[in-house]
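J.: Chains as they are written, first to last, in the numbering used here: chain G, 1 to 517; chain A, 1 to 401.
Because the hints were derived from the structure by calculation, they are not lab data.
Predicted model, so just to flag it, every value in this text is computed and none were measured.
By construction, the Cβ of each residue, glycine as well, lies at the ideal position given by its N, Cα and C atoms.
Incorrect hints may appear among the rest.
[As the list claims (entries may be wrong)] Some chain A residues near chain G, calculated using beta-carbon distances under 10 Å:
(1) I252
(2) R255
(3) A261
(4) A265
(5) A266
(6) L268
(7) S269
(8) I271
(9) S324
(10) G328
(11) L329
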Amino acid sequence: MHAAMVSLLSLEGIGKAFPNGTVALRDARLSVRAGSVHGLVGANGAGKSTMIKVIAGAHAPTSGVVRWKGEEVSWRTPGAARRAGVATIMQHVPLAPTLTVLENVFLGAGGPWRLPRARRAEFARLLERVGYAIDPDAEVAGLAIGERQMVAVLQALATGAELVVMDEPTASLAEGERQVVFDVVRRLSAQGTAFLYVSHFLDEVLSLTDRVTVLRDGTVVEEGETAGYDEDRLVQAIVGRDLLATERRGAAPVAPDGPVLLSVRGLSSPAGVRDVSFEVRAGEVIGLAGLLGSGRSELLHAVYGSDTRARGEVLAGGRPVRRSPRAAVAAGMALVPEDRNAQGLVGTFPIWKNVSLPDLPALSSGRSLPREPAETARAERAIADLGIVCPGPEALPGELSGGNAQKVVFGKWLYGGARVFLLDEPTAGVDVGAKADILELVRRFAAGGGAVLVVSSEFEELLAVATRVLVVREGRVVAERAAHETSEEELLMLANGFGEAGFGAGGSGEGGAHDAA
Amino acid sequence: MPPETPRGAARRSRFAAAFRPGNAGVVYALLLIVAVLTLLTAQLGRPSYLSPTNVINILDQSSLIAILAVFTTVVLISGNFDLSVASVAAFSAATVLSLVAPLGLPVAMAIALGAGLLCGAVNGLIVQLVGINAFIVTLGTMTAVRGLVLILTGGRTITAQDPDAQRSLIALQAGYWTVPHVLAILGALAAVAGIVLLVRGSRRAGVVVLLAGVVAVALSPVLGFELRLSKPTYYLIVIAGVTWAVLRYTVIGRRLYAVGANAEAARLSGINVNRYRIGAFVLNGLGSGFVGVLFAAKLLAINPTGLQGTELTVLAAAILGGTSLFGGLGSVLKSVVGALILFTLDNGFNVLNLGANYQGVIVGTVVVVAAAIYTVAGRQKQVRRVRESRPRTAVRQEALR
Chain G
1 MHAAMVSLLS
11 LEGIGKAFPN
21 GTVALRDARL
31 SVRAGSVHGL
41 VGANGAGKST
51 MIKVIAGAHA
61 PTSGVVRWKG
71 EEVSWRTPGA
81 ARRAGVATIM
91 QHVPLAPTLT
101 VLENVFLGAG
111 GPWRLPRARR
121 AEFARLLERV
131 GYAIDPDAEV
141 AGLAIGERQM
151 VAVLQALATG
161 AELVVMDEPT
171 ASLAEGERQV
181 VFDVVRRLSA
191 QGTAFLYVSH
201 FLDEVLSLTD
211 RVTVLRDGTV
221 VEEGETAGYD
231 EDRLVQAIVG
241 RDLLATERRG
251 AAPVAPDGPV
261 LLSVRGLSSP
271 AGVRDVSFEV
281 RAGEVIGLAG
291 LLGSGRSELL
301 HAVYGSDTRA
311 RGEVLAGGRP
321 VRRSPRAAVA
331 AGMALVPEDR
341 NAQGLVGTFP
351 IWKNVSLPDL
361 PALSSGRSLP
371 REPAETARAE
381 RAIADLGIVC
391 PGPEALPGEL
401 SGGNAQKVVF
411 GKWLYGGARV
421 FLLDEPTAGV
431 DVGAKADILE
441 LVRRFAAGGG
451 AVLVVSSEFE
461 ELLAVATRVL
471 VVREGRVVAE
481 RAAHETSEEE
491 LLMLANGFGE
501 AGFGAGGSGE
511 GGAHDAA
Chain A
1 MPPETPRGAA
11 RRSRFAAAFR
21 PGNAGVVYAL
31 LLIVAVLTLL
41 TAQLGRPSYL
51 SPTNVINILD
61 QSSLIAILAV
71 FTTVVLISGN
81 FDLSVASVAA
91 FSAATVLSLV
101 APLGLPVAMA
111 IALGAGLLCG
121 AVNGLIVQLV
131 GINAFIVTLG
141 TMTAVRGLVL
151 ILTGGRTITA
161 QDPDAQRSLI
171 ALQAGYWTVP
181 HVLAILGALA
191 AVAGIVLLVR
201 GSRRAGVVVL
211 LAGVVAVALS
221 PVLGFELRLS
231 KPTYYLIVIA
241 GVTWAVLRYT
251 VIGRRLYAVG
261 ANAEAARLSG
271 INVNRYRIGA
281 FVLNGLGSGF
291 VGVLFAAKLL
301 AINPTGLQGT
311 ELTVLAAAIL
321 GGTSLFGGLG
331 SVLKSVVGAL
341 ILFTLDNGFN
351 VLNLGANYQG
361 VIVGTVVVVA
371 AAIYTVAGRQ
381 KQVRRVRESR
391 PRTAVRQEAL
401 R
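Looking at chain G on its own, in the form it has when it is part of the complex:
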């Protein structure tokens, strides 16, 4: 009765229960108006993905009604939804990397022939509509992630979509690339294409969307005009508690006489690290601030020894460490890598085997026969200590949400005597609640007498946990600031290469000159 006025797509009373009894959605509703940008936010596990899948036709709802342009529909396959005019762009863009942009954009087009000429004209019209330029003959494999995202958008438009569902479109994009996506969304919505925009980045949702729906535990807790929200209110709606207080607590500087746990001298690598030297004392959290492609992740890998081409000296607790991850682990170093699925977790191992992996000999009889009860006990301890939401230590990492999977990666290093922690984007793709937990964990590492090096794209986050910040640019440490004396603006200026800027005028804030990768 209510939302049936001009809604392009409306979901009413949608419930989704899985055969085992998990209820992913309960009486959820959503109403997307034609030509609007609708934000969908919620913590990991709140039901956003299930809702998207219901809309895309990948899941059939167990109850409720889906209406498309006022008519009740039930899409049973993704193809049906796409034909009706709903295009869904998933987080990891499925494109054929060996084909050209043009071929990818028209991948779904029927007919037996490749018709380059007709397609080209159509492609040109599309680009004009979108206001974006890209070489149609470029091979997709050679494109940056942001460009691929655009190819996916073009692909969606080429099928004549009236509603484009975007799941975390900017999760792996650099600032400049984000702006391109925003521009395109704004432009197309002005032309009448509706967007359902799912993102963890609340600032994006606030600046881009017209309306916003907040999901928590499978139900819609709030819905309204975006203009009526600010970041604090949105966060509270998402998590149901006030988090920002803990998140914004700056760290006090550490006494300068603590023992040096890690010292790096003249470290260089062809991967993009140039003559870096620094020291980290016990209890310190060092933030590495830099733009995408500045060499910040490469620096961590060089320190850890996983970059075998790196040259230079790394001392842990005063003793030199041979350049291999094995030696690094033995010296008490731990790396939480950027891509947890590809680098951090073994997908076929349950949680307990993942957690025990780096420290297996210590949990084994005679250092060679693993004691499974001890391993399970450790996994249970990690689950309890870190608040990992999971069915139990037998769960596979693929069953966990991003934040919980990330906590499992942390769990690998908690109990093995690691003292130097290298964290590469520890909160990427993690919801607000888990993010606060992880930041708290970082502080705990330091408080326990450890040393932490943390890389993050979100400078605000660095300032929240770090005691000192090193600014990385083109593989060098170009500046050092005490965290309580600097600001996001200053770090951004430094990372962009604007020298010793004390004045936050100029290109401060978002969208400063972007350092190409």
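For this one, chain G is given, so just place chain A on it according to the hints.
T.: Using the frame of chain G, we list chain A on its own:
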């Protein structure tokens, strides 16, 4: 920390999971094939399929392939691939046959094993240190080592003609060993295992195993089974048993699976990936060398094309056993069962006089059907697991079987 209960339950579910069709399907398939063949032979009035002689025969025939399958499975688990096993085995067979007369068996055998080990090391070093795809490298070494066999044999069949040499070779593989009082021995082992289980805290399983052991020992004087198997079968049992135990119960085994399932995560966890992967190749080379020696001892001759095509049978056995070609998944015992299936079919055709012409079609079909079942079952398992968990998950692509 929650005490005993959930952990015990987890272990019990792990134990039960091992017998689920999704995990033990290959064993059920073997039982099914044997049952069908037994019924058919009984129906047609031929000598019973399950007669001790026939069973001993099948085990003997499949043992060499099964040993190769064990080591190939190790390589597959480590995330690599080895096509060169048959060529290496032939090379080692040719080596031992040409050296046994002048040097005596122990030295000739050591050299033959060393040759196998060297081939494996070459494979492993090229694959891991140069970084070429294992399929390509071992395709190359398969051809090149076959070339070495041709050079060594001069293109002709070589035989061991020296009577002493013949005798020592025959002693290596021909003949049977009889283990008396099998029930008593197995019962005693079960009793020990039961006590170990009890000590380690799983009461129910421990009591069951202990009781079963005691009953078996008590019945032994009445029933008095004895086990009479060919020597290669014993080699297989020992090799498969030890390899299984190492993979299942040691740090080395756990790390090998980790390396195969996600090499980067393993490396960043402080595991020396190259060492494990090269080690798997070296082991495979050594195993191939051993099988080559047994093969030579069996035939007392090798022709230059001997064992050609066997590498594919070995891979088929591993695939039947559910080993993933992408690494990180597999069990050597199931691969052995896979080899047994292949030879049971083979033997069944002979017993039923169906003619060898149909054999290729049937065996090929069985392999593809098995792979299809594993893939579909794996997919369903994945769907089930994802549904059981919270919905917001980046589903990691479970390795295709």
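J.: Please go over all the hints and tell whether each is borne out by the structure.
T.: Hint check results:
{"no.": "1", "hint": "I252", "result": "holds (7 Å)"}
{"no.": "2", "hint": "R255", "result": "holds (7 Å)"}
{"no.": "3", "hint": "A261", "result": "holds (4 Å)"}
{"no.": "4", "hint": "A265", "result": "holds (5 Å)"}
{"no.": "5", "hint": "A266", "result": "holds (7 Å)"}
{"no.": "6", "hint": "L268", "result": "holds (5 Å)"}
{"no.": "7", "hint": "S269", "result": "holds (4 Å)"}
{"no.": "8", "hint": "I271", "result": "holds (7 Å)"}
{"no.": "9", "hint": "S324", "result": "holds (9 Å)"}
{"no.": "10", "hint": "G328", "result": "holds (5 Å)"}
{"no.": "11", "hint": "L329", "result": "holds (6 Å)"}
Consistency with the previously given hints is maintained throughout, with no hint failing.
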